[in-house]
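Spelled out, the chains give:
Number of protein chains: 2
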Amino acid sequence: MVPHLVTALTGPINELEQRVLDSMSAIERWFRLEWMEHTPPFYCSVDLRNAGFKLAPVDTNLFPRGWQNLAGPMLPLAVQAAMAAIEKICPEARNLLIIPENTTQNTFYLSNLVQLRRIFHMAGLNVRIGSINPAIKKSTLIELPHGDSITLEPVIRLRGRLGVKDFDPCTILLNNDLRAGVPGILEDINEQYLLPPLHAGWSSRRNSAHFKCYEEVAKRFGKLIGIDAWLIYPMYETCGVVDFGTDDGMLHLSRKVDAMLAKVKKKYKEYGIKEKPFVVVKADNSSNGMGLLTVRDSKELVALRQTGGVHDIVLQEGVLTHERMHDAVAEPVVYLMDRYVVGGFYRVHAERNVDENLNAPGASYVPLTFAESMHLPQPGVRPGASVPNRFYMYGVVARLAMLAASYELEASDPQNEESA
Amino acid sequence: MVPHLVTALTGPINELEQRVLDSMSAIERWFRLEWMEHTPPFYCSVDLRNAGFKLAPVDTNLFPRGWQNLAGPMLPLAVQAAMAAIEKICPEARNLLIIPENTTQNTFYLSNLVQLRRIFHMAGLNVRIGSINPAIKKSTLIELPHGDSITLEPVIRLRGRLGVKDFDPCTILLNNDLRAGVPGILEDINEQYLLPPLHAGWSSRRNSAHFKCYEEVAKRFGKLIGIDAWLIYPMYETCGVVDFGTDDGMLHLSRKVDAMLAKVKKKYKEYGIKEKPFVVVKADNSSNGMGLLTVRDSKELVALRQTGGVHDIVLQEGVLTHERMHDAVAEPVVYLMDRYVVGGFYRVHAERNVDENLNAPGASYVPLTFAESMHLPQPGVRPGASVPNRFYMYGVVARLAMLAASYELEASDPQNEESA
Numbered sequence: 020m021v022p023h024l025v026t027a028l029t030g031p032i033n034e035l036e037q038r039v040l041d042s043m044s045a046i047e048r049w050f051r052l053e054w055m056e057h058t059p060p061f062y063c064s065v066d067l068r069n070a071g072f073k074l075a076p077v078d079t080n081l082f083p084r085g086w087q088n089l090a091g092p093m094l095p096l097a098v099q100a101a102m103a104a105i106e107k108i109c110p111e112a113r114n115l116l117i118i119p120e121n122t123t124q125n126t127f128y129l130s131n132l133v134q135l136r137r138i139f140h141m142a143g144l145n146v147r148i149g150s151i152n153p154a155i156k157k158s159t160l161i162e163l164p165h166g167d168s169i170t171l172e173p174v175i176r177l178r179g180r181l182g183v184k185d186f187d188p189c190t191i192l193l194n195n196d197l198r199a200g201v202p203g204i205l206e207d208i209n210e211q212y213l214l215p216p217l218h219a220g221w222s223s224r225r226n227s228a229h230f231k232c233y234e235e236v237a238k239r240f241g242k243l244i245g246i247d248a249w250l251i252y253p254m255y256e257t258c259g260v261v262d263f264g265t266d267d268g269m270l271h272l273s274r275k276v277d278a279m280l281a282k283v284k285k286k287y288k289e290y291g292i293k294e295k296p297f298v299v300v301k302a303d304n305s306s307n308g309m310g311l312l313t314v315r316d317s318k319e320l321v322a323l324r325q326t327g328g329v330h331d332i333v334l335q336e337g338v339l340t341h342e343r344m345h346d347a348v349a350e351p352v353v354y355l356m357d358r359y360v361v362g363g364f365y366r367v368h369a370e371r372n373v374d375e376n377l378n379a380p381g382a383s384y385v386p387l388t389f390a391e392s393m394h395l396p397q398p399g400v401r402p403g404a405s406v407p408n409r410f411y412m413y414g415v416v417a418r419l420a421m422l423a424a425s426y427e428l429e430a431s432d433p434q435n436e437e438s439a
Numbered sequence: 020m021v022p023h024l025v026t027a028l029t030g031p032i033n034e035l036e037q038r039v040l041d042s043m044s045a046i047e048r049w050f051r052l053e054w055m056e057h058t059p060p061f062y063c064s065v066d067l068r069n070a071g072f073k074l075a076p077v078d079t080n081l082f083p084r085g086w087q088n089l090a091g092p093m094l095p096l097a098v099q100a101a102m103a104a105i106e107k108i109c110p111e112a113r114n115l116l117i118i119p120e121n122t123t124q125n126t127f128y129l130s131n132l133v134q135l136r137r138i139f140h141m142a143g144l145n146v147r148i149g150s151i152n153p154a155i156k157k158s159t160l161i162e163l164p165h166g167d168s169i170t171l172e173p174v175i176r177l178r179g180r181l182g183v184k185d186f187d188p189c190t191i192l193l194n195n196d197l198r199a200g201v202p203g204i205l206e207d208i209n210e211q212y213l214l215p216p217l218h219a220g221w222s223s224r225r226n227s228a229h230f231k232c233y234e235e236v237a238k239r240f241g242k243l244i245g246i247d248a249w250l251i252y253p254m255y256e257t258c259g260v261v262d263f264g265t266d267d268g269m270l271h272l273s274r275k276v277d278a279m280l281a282k283v284k285k286k287y288k289e290y291g292i293k294e295k296p297f298v299v300v301k302a303d304n305s306s307n308g309m310g311l312l313t314v315r316d317s318k319e320l321v322a323l324r325q326t327g328g329v330h331d332i333v334l335q336e337g338v339l340t341h342e343r344m345h346d347a348v349a350e351p352v353v354y355l356m357d358r359y360v361v362g363g364f365y366r367v368h369a370e371r372n373v374d375e376n377l378n379a380p381g382a383s384y385v386p387l388t389f390a391e392s393m394h395l396p397q398p399g400v401r402p403g404a405s406v407p408n409r410f411y412m413y414g415v416v417a418r419l420a421m422l423a424a425s426y427e428l429e430a431s432d433p434q435n436e437e438s439a
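As they're listed, the protein sequences go chains A and B. Heads up: the first sequence is residues 20 to 439, going by our numbering. Heads up: the second sequence is residues 20 to 439, going by our numbering.
Be aware that one or more of the hints could be misleading.
What the hints assert, rightly or not - Beta-carbon label-pair distances, calculated as ranges:
id, chain 1, residue 1, chain 2, residue 2, range
1, B, Gly245, A, Phe127, 52 to 58 Å
2, B, Glu235, A, Asp187, 17 to 23 Å
3, A, Glu111, B, Thr313, 52 to 58 Å
4, B, Glu210, A, Leu312, 57 to 63 Å
5, B, Glu429, A, Gln124, 26 to 32 Å
6, B, Lys242, A, Ala154, 43 to 49 Å
7, A, Ile175, B, Thr58, 55 to 61 Å
8, A, Arg180, B, Thr313, 26 to 32 Å
As the list claims (entries may be wrong) - List time: in silico DSBU-like cross-link candidates among lysine-lysine, alpha-carbon distance up to 35 Å:
id, chain 1, residue 1, chain 2, residue 2
9, B, Lys231, B, Lys157
10, A, Lys184, A, Lys231
11, B, Lys295, B, Lys238
12, A, Lys238, B, Lys157
13, A, Lys107, B, Lys238
14, B, Lys231, A, Lys107
15, B, Lys231, B, Lys318
16, A, Lys293, A, Lys318
17, A, Lys242, B, Lys318
18, B, Lys157, B, Lys184
19, B, Lys242, B, Lys107
20, A, Lys107, A, Lys238
21, B, Lys286, A, Lys242
22, A, Lys282, A, Lys242
23, A, Lys157, A, Lys184
24, B, Lys157, A, Lys184
25, A, Lys107, B, Lys107
26, B, Lys242, B, Lys184
27, A, Lys231, B, Lys107
28, A, Lys288, A, Lys318
29, B, Lys184, B, Lys231
30, A, Lys107, B, Lys242
31, B, Lys284, B, Lys295
Think of the hints as simulated: they come from the structure by calculation, not from any bench. Here a beta-carbon is modelled for each residue, glycine too, at the ideal position from N, C-alpha and C.
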């Protein structure tokens, strides 16, 4: 069931893994105490990259899709976590409304909704799917492969409450990242739990805010277990608003890229790493692949000059992946609900390189029974030699990203700003 | 992985299963609300019997052993539940002390300890085993099959606290049912969490108190989903103290048995059940097989006359098992931690009959990946035809028994009596 993985079995990653395993009880206690003070995002998925010498999250999705890629034997973990989450938020809950992306055509996405509906149904809720797509004017049944089907119903707003016809939910679960902005119908919902909160959406979220929180979390965690935090975080640098169409804009970006490459190079030298550093140029207000560029040299930025436009830009240290599956480049994606790791899979892309974004057309997904492994390191087994041990470390780093998201959402909460 | 099961696919059990599946969201909500008011026992295991026409728990063990029989893929569920339990009891916990039975020879039992230690270690605790066996005078390493080993250390009492050498636990987990009485070293522990509480031990616990609570829970649950509660509970009758050595004592018992058999017969008639009713004679203060007798006719009680002695007796309606595995009689045992079903197995006995106690020498254990199934009914699948659906029902009934244990422990708590 667990595919053959090719990871670098020597070098700093094994020391990191050993440190993580040796510190397991301290780590778990630390998380317990953190979750007493901070509320985990309802759910999230974290893209990790294992470079062989460092392991870092590169993307933390607060509206995770892809649940259909989780292996069946892992589902009970998700159900149990969902039960725990619901119990805390609204123990009296009967009804849950899921608000999905607006697509009606993407069967992969719709299968993701089927899986989410299954998880919450098994946790004991009546689940309906309420679409905010203006094209969904009436209850719409969509047949899916494997005999599944999904019914999208138009969301109804009645005074302060959201629902669908004859269905008044206690909790509304957003699976829509709101990249196009917050529709009015979702605003000022005060009587129901709307999760994640609107300010987690990409209309207000910023990558740089997450990176900043993650760096802080990683540094504190690094102190806890006695490691250089750089081994678990990608450096980042905000560039502010950059006009790709002007020489000034491009020069500014180019200097920032050179500076970041120099910082990475220095770190590589410190650890005797022979790889070529690279930097990922990201739009600060989107996790989307659109507009992303990977550069090993600032000269390559010329590609952006041609696209033009004005963008709020953040640079992220590139973390290459040394994991492969059947000769294709692979990266793990870890799924979390409430404070628990509930599963994951490998995103595999045969046509991409180790320093490229794999979240692109052509990617395939290999579900892993992380279930057995995420919580279950095998003490005494040589670091790097045990898949369960590796996965425990993945679960730890993914939870650090989730914790960073919790800090991020606290800091960006408009209600906290008002009271501050 | 899931063995072939032979269960009665017709009759009331399927109606019951259909009702349970149809009421899933109401059931889960009901449990959530119950657990807001009542604390689940830290852990327990529940023996179930599926008679084809009724499904009932026949034994609820508050010091469950046999954890080693759970399937590996289920362990993450136990770990996740242990994390949830610890978080509620003592989020700052670093150290857990397990107090086991006194045996040093029973490798099955010691393997159970290895498994418990593994679960709590993975949940992030330092775990040590503190024996109250007077023969354990120093740290004692015992090698076990499959390369496992376990170290038993003598428990140390320092003023109000229990520990072992250089180890001060926050929580003490009893895996010793205290049938021989509560040793002084365990009394008056006020600074640490001692779980389950001492009054859960067999020195003070009574089967009849549990049966009473279970009957109440079952009746409320029966109303909730609209079924005759008898379909999920065994009738019981307390007999008080019976002197097996006197005619009066045996006559008293005999009348009680006849009355119980008549009640069962009436129920069988009501449902058109052709089986022969039977009654299980149990010592009220022990879940142990010792002294148990199964009788189809009060004449069979003569066997007890020969054993003599004075016993506090409770009668339980016999629930036969119609489940078989490879031609051997089987009964499911469900494991719970905190409020969650975390696994189970089939207890199988080739040399016992459908109306006999299977918890006896010669029994074997077939771990089941209940994991995938306990929380995961398959809506739309014909009742009885789906193993996952059957197991969901098992998980529900086991949780009813756990809830009854929670009521039972509240009622028997000496602190509640004092304040009442």
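Hey, Lys107(A) versus Lys242(B), does the alpha-carbon distance stay inside 35 Å? The given pair, whose Cα atoms are some 27 Å apart, holds under the 35 Å limit.
Decide if the proposed pair is consistent with the structure: Lys107(A) and Lys238(A), CA atoms, cutoff 35 Å inclusive. holds (30 Å)
Is the hinted pair Lys282(A) and Lys242(A) satisfied, with a Cα-Cα distance of at most 35 Å? OK: Lys282(A) and Lys242(A) at ~21 Å, within 35 Å.
Pair hint Lys231(A) and Lys107(B), alpha-carbon separation not exceeding 35 Å: holds (31 Å)
With the threshold set at 35 Å, check whether the alpha-carbon distance from Lys284(B) to Lys295(B) stays at or below it. OK: Lys284(B) and Lys295(B) at ~8 Å, within 35 Å.
Go ahead and decide if the range 52 to 58 Å is satisfied by the Cβ distance of Gly245(B) to Phe127(A). violated (40 Å)
Does Lys293(A) pair with Lys318(A) here, judged by a C-alpha cut-off of 35 Å? Holds - the C-alpha atoms of Lys318(A) and Lys293(A) are around 21 Å apart, at most 35 Å.
Starting from the range 55 to 61 Å, see whether the pair Ile175(A) and Thr58(B) falls in it by beta-carbon distance. The hint (55 to 61 Å, Cβ to Cβ) is violated, given that Ile175(A) and Thr58(B) are roughly 40 Å apart.
Next pair to validate is Lys242(B) with Lys107(B); report whether the Cα-Cα distance is within 35 Å. Since the Cα atoms of Lys242(B) and Lys107(B) sit roughly 31 Å apart, the hinted pair holds (cutoff 35 Å).
Under the criterion that the straight-line Cα-Cα distance not exceed 35 Å, is the pair Lys184(A), Lys231(A) satisfied? Given that 35 Å is the threshold and the Cα spacing comes to 42 Å, the pair is violated.
Regarding the pair Lys231(B) and Lys107(A), is the alpha-carbon distance no greater than 35 Å? holds (31 Å)
Are the Cα atoms of Lys107(A) and Lys107(B) separated by 35 Å or less? holds (12 Å)
The structure fails hints 1, 2, 3, 5, 7, 8, 9, 10, 12, 17, 21, 24, 26 and 29 (numbered hints given earlier, in ascending order).
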